[in-house]
Amino acid sequence: MEHLLSIIILFPAIGALLGLLVDTKSIKTYGITISVIEFCLTLFLWVSFDSKAIGFQFQEIYSLIPSYGVNFHLGVDGISIFLIVLSSFMAMLSMIGLQEKRDIKHLIITILMLEMTMTGVFAALDTILFYIFWEFSLVPVLYVIGGWGGKNRIYASVKFFIFTFSGSIIMLIGILFLSHYYYTQTGTWSFSITDWFNVSLPYNIQLWLFGAFFLGFAIKIPMVPFHTWLPSAHTEAPTIGSVILASILLKMGSYGFIRFSLPLFPDATVYFVYPIAILAIIMIVYTSFVAFAQKNIKQMIAYSSIAHMGVITLGTFALNSEGITGSIFLMLGHGIVSGGLFLLVGMLYNRVHSKEIDAFSGLSTIMPMYAFMFAIMIIASVAFPMTINFVGEFLIFLGFFQVSPTLTIIAASAIVMGAIYSLYLFRKVFFGKLKDEHKILKDLNKNELFTMVPIVVMTLALGIYPKPITDTIDTSVKHTLSIMKERAVLEETKRLINE
Amino acid sequence: MLHNLILIALFSPLLSSIVSALFIRSPKKLGIFSSILIGISFISSFLLFVFYENSFSYSLFDWLNVGNFKLSFGVLIDPISLVMINTVTLVALIVHVYSIFYMDEDKSINRYFSYLGLFVFAMMILVMSDNFLGLFFGWEGVGLCSWLLIGFWFENNDNTKAANEAFIINRIADLGMLMGLFYIYWNTGSLQYSEVFAQIPNLSNTTITLIAMFLFIGAMGKSAQFPLHTWLAKAMAGPTPVSALIHAATMVTAGVYLLVRSNEIFALAPSVNIVITYLGVFVALFAASMAMVSNDLKKIIAYSTLSQLGYMFVACGVGAYWVALFHLFTHAFFKSVLFLGAGNIMHACKNELNIKKMGGLYKDLKVTAIIMIIASASLSGLPFLSGFFSKDKILESAFSTGYLDIWILLLLGAMMTTFYSFRLILLVFFVPSKEKNSHTHDAPKYVLYAMGILGVLSISAGWIINSFEKFINIPFELNIEHSTHYVMILITVLAVIITLVYTICKYKQPIKEPTSKINTILKNEYYIPYLYSNIFVKLYKKIAEFLYEIIDQKILDKFYEKLAFSVFNFGIVLRKLNTSNLSIMIYFVIVGFLLLLLTNFIRILL
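Those sequence lines, one after another, are chains A and B. Be aware that the first sequence starts at 9, since it is given in my numbering, and climbs by one per residue. Be aware that the second sequence starts at 646, since it is given in my numbering, and climbs by one per residue.
Misleading hints may appear alongside valid ones.
As a list, the in silico BS3-like pairs of lysine-lysine whose alpha-carbon atoms are at most 25 angstroms apart [stated by the list, open to error]:
| # | chain 1 | residue 1 | chain 2 | residue 2 |
| --- | --- | --- | --- | --- |
| 1 | B | LYS715 | A | LYS441 |
| 2 | A | LYS159 | B | LYS1203 |
| 3 | B | LYS1199 | A | LYS159 |
| 4 | A | LYS303 | B | LYS715 |
| 5 | A | LYS363 | B | LYS715 |
| 6 | A | LYS447 | B | LYS1186 |
| 7 | B | LYS715 | A | LYS486 |
Just so you know, these hints were derived from the structure itself, not from any lab.
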């Protein structure tokens, strides 16, 4: 029990290493088994999690570099626990739905390694450990895109790597500076954020450090104008890569804001609320427009992902419980929905080998089941009530409305613009006359149903009854806000933050 | 027991939707099964009305509890919601029965009944919810079903385009409504009707005006008020029973319902009420003018719906909320039966929609014709029919609040209504036809009986006006003297009858309608749909393409690429320095040594 988090992190890694011994024929079954067990472990984590308790649970500390206070420090709270569950959930489903002919063995091993880094990022409380997982996650993704991608895969993977790496290297400088500052204040070295919370930072230092962390997170999210790596990565990536990229990896950035930027630099956060909100709004409107101009289904979903990440960012900087809880809930929602959409596009690609919107027409006649699932994902993606995304977007706009009604109106145009491109996509692909060459297409098979049904069920279930999850998130968000209030050095900040 | 009735009324349409989608394979059984479930829902609604004593709300479950935001979904049973659920389920029941006949040969009948059931469920949520968010859920839900049903025959691209347009225009309005909800929440701390209405009088005027304005924007979308009206005419692409249920009787009146429901907010926002009133009058005349020249059977009725919605908004605008609700109630019957009649005509004429190509159908479709004549008469406000009571009340209310101009305009509207309604009747049923329609036959008996119920209600629903007023109990004083009152009624009735006689004389024989400029403008619906699709939609596309191709691809992406390659090229330049030539290396060593010396020297100097 007390080692549950390290087990969750190490289990897929060990699974990956042992996977080298498994032969190619049975590797898929092996991969599914590992990821199902991992999912059960995370579920067990959720069940044993005390949703009323404040602060981190399941904490574990092992010393890594004692002289500099670098520890293997893990712990989860209401903010991170669901992201861990989401990671293992999506990894499991994309593993079940995996339809890859080329070198499937190494692909599965890579995905398992990736799973370790994802859970590690969300569970790490030591910033160096966080940074290690954060950077290490680049390697499997680089490998997945570069190894199993489309025509332009090398370009896309290198672009992805350079972009995200250059952002995070600046974040590393920030981390080192902060630990040194902690050392000068207390006389001991520590990289653990729970320790850092005890020291208040002067205002001007906060501004600089906020900037350093911001670059790392903003490129990962990706915020406009740092977003151009994402569409090309999605276009080239194999389905499983896109799924994990969209559902989990982007969330690391928005998670970083909530876990680090907000509580560590409260005054700087307040200072940057408007610039970032405006950037987020530009991001929403801009990418919603751009998504409409796409001719490739995957790219359209990729741009729509950026728009959704914009909404998530906006919610984070509402700096109230409604906005931040909504932001975390939308991370889950978008994780499930965009993952589902990428899975569905992959299923179509396996049949027709095309992702062009114009290549399809009237598919709902021949693939009704597929059309139904796609429809659910599309309406969830336009934040339709009773679907998971509505809860998040509603809370975010509600929360941000307190900050600025005018900006909220502009930002909430996302619900109109999202409908414009999503319904256009759906109409083009599923309505109209079926093309002759598509008359032989088969509807979803059992394996694909197994992949998609859990996603559809979660999309609807959490949209209808989100309370069990939002309650847990809310407790931790309130705690984070109280930390912000406590650590703020300016009176103005203390006044602005509502718990 | 009441709680159980609520649950039955609410969830049997959902059950119908799910079962229709998944289980029943025989079309007849499917239709009967769905109709029975909707019938059960209607009976439960009716029983709720019978057993009604005091309004109460019944909490279903806690939906969300975040920060200070608490919301539990619940059902509110009060006079307004009782009127709505009874109207909705009754019309839905008849439309379901009608659909057994109408959709008989459609191979997607399962999908059809499933959507229809889902629609009724969403509509029930909309009108039964005890809070604004639940209303919003139903609001969006009916929008979704409307999208699904307008584009029901999805092989035709025009249908699906119309469906998307309806959804997107509604979304624009929903955005406004959402803002209204946010204003309400941040000012009253709740979205529950009872708490909100209790708090409203304490708010500042500006806030109330903003709230009312945003809620009204929401209402404008669903009720297709100008300038968000274009979708309604295009929505006629859906199956005709759908037009009867969604685009005449229920969904489009949701906007009126919203205004009636939040009358306590609107009552305190006089400036918004003026806008509502004048916009309502404008739409009433604007839509009627288009209906007068249109040759499309369904579009005429659609514009008529639009025009009548304008009347309802006028009633809301002048504060006569119960009158608005009463007109909504009577309108639901005569308008839906008009659509169902249109469905019979289309069925008989092989889906022909142009009324100029019809004529002389009376002898084949006697029952349909009679029902439609009754409904049209009721719509025109001929004495002692339903429409007479409700529409006349709207005119009186406008008059009594001092809007003489509006009274005159509405009277004009009533005359236009009579004109287009009977123009349609005469052209379809009585004008001798040029072409011979060989195999025309009326709908089966059970369908005609079902329509007959609506026909009877078109006659008699208005008779309960006094008890309706007492039941709804939203006070509104009519300050008209008895003598003036009688004169007004006389004027209205005379105006309508004169128009009726004029129309009958004019369309006794097939005549060529003049093709004047005004006529062309009206036929093109004031060029507004043209404006939307050619200017707004094209502009949107252009912006999207510009942002993607120029900004995203040419500028941003190229910039990063250049940046990356410049680092790479810089590396190539530096590589040249590293030549493994010993003499060059020694130069570097010496230069480096000199630099070190220099820096040290400077430090000493400083």
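How the hints compare with the structure:
no.: 1; hint: B:LYS715 with A:LYS441; in the structure: 47 angstroms, violated
no.: 2; hint: A:LYS159 with B:LYS1203; in the structure: 20 angstroms, holds
no.: 3; hint: B:LYS1199 with A:LYS159; in the structure: 21 angstroms, holds
no.: 4; hint: A:LYS303 with B:LYS715; in the structure: 42 angstroms, violated
no.: 5; hint: A:LYS363 with B:LYS715; in the structure: 43 angstroms, violated
no.: 6; hint: A:LYS447 with B:LYS1186; in the structure: 31 angstroms, violated
no.: 7; hint: B:LYS715 with A:LYS486; in the structure: 15 angstroms, holds
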